[in-house]
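Peer 1: With chain E's structure known, arrange chain F on it following the hints.
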Amino acid sequence: MTDEPEDPPTPAEARLDQLLKPLRAEPPRPEPGMALAVVRTARWQSAFRGALRAASQLVVAAAGVARLVVGRRSSRSRP
Amino acid sequence: MDADSALVRRTRGGDLRAFEELVERHRDVVFRVAARIVGTREAEDVSQDAFLRAFHRLGSFRGEGSFRSWLLQITHHAAVNAVARRRDVADTPAVEAAEELDSSASRMPAERLEERERRERLELKLIGLSPAHRAVLVLRDLEGLTYDEIAGITEVPLGTVKGRLHRARGELIELLRTNTYDWELPE
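These protein sequences, in sequence, are chains E and F. As numbered in this note's numbering, residues 1 to 79 make up the first sequence, in order. As numbered in this note's numbering, residues 1 to 187 make up the second sequence, in order.
Don't take every hint at face value.
30 Å max Cα-Cα, derived BS3-like pairs, lysine-lysine [claimed, not checked]:
1. E:K21 <-> F:K125
2. E:K21 <-> F:K162
3. F:K125 <-> F:K162
No lab work stands behind these hints: they were computed from the structure.
This is chain E alone, in the form it adopts within the complex:
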């Protein structure tokens, strides 16, 4: 990716860039176990979502069957 050149820095901006160097050199680092914790949470969340999706499909299917049964009964009871 290309980048446009910046205007030359003022003396204060140049000094600020110098001051920021230690922050670039020693950045904060995450705990080593973070990736594992993220994946573990993603795993149970996707399992939970899957179960929720299956349950909602089951409810929709059960409602369809119930509608069908009720519809048949009401058509039989008609004279």
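Peer 2: Relative to chain E, chain F alone:
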């Protein structure tokens, strides 16, 4: 196709090992950006939140830009939201820094101690910037991202990025000048 795209495709197919590899690849940059915006104490939560949001929204990633930029856009959102939720964010790193300094100060040589103190003071000043200014300054001056990438991540036009960066640097310089600590900043 780059390595990230292949991992994204595998993750979409339900391969969590591929997602773990994506997290491993990008956890450092995500954590760094989060930490510089919200402070290190909250950065772990914000980073995890960003990765999980990305995981669930992977279907909306169209692959027009890089996965890293897309992920950093989510991280930026999560971090700025966290700052908005916790208005007293400026106090936290101060407490953190003070606690850390107290616990280990006696074991450090004087020169290292001074370096560390300067770094922590500067981090505190950085946290003192407004979230919008802080974000562009972190992305440009600490992470070295291009203006285009920053515009994509922060979802503002290129001209706004440049304007914000200029004002952010100016604001930080002024914050440092009003400090009792001598940062040797020329007029």
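Peer 1: Compare the structure with each hint and give your call.
Peer 2: Checked hints:
1. E:K21 <-> F:K125: Given that 30 Å is the threshold and the Cα spacing comes to 15 Å, the pair holds.
2. E:K21 <-> F:K162: Since the Cα atoms of E:K21 and F:K162 sit roughly 21 Å apart, the hinted pair holds (cutoff 30 Å).
3. F:K125 <-> F:K162: It holds: about 21 Å lies between the C-alpha atoms, which stays within 30 Å.
The structure is consistent with each of the numbered hints, conforming to all of them.
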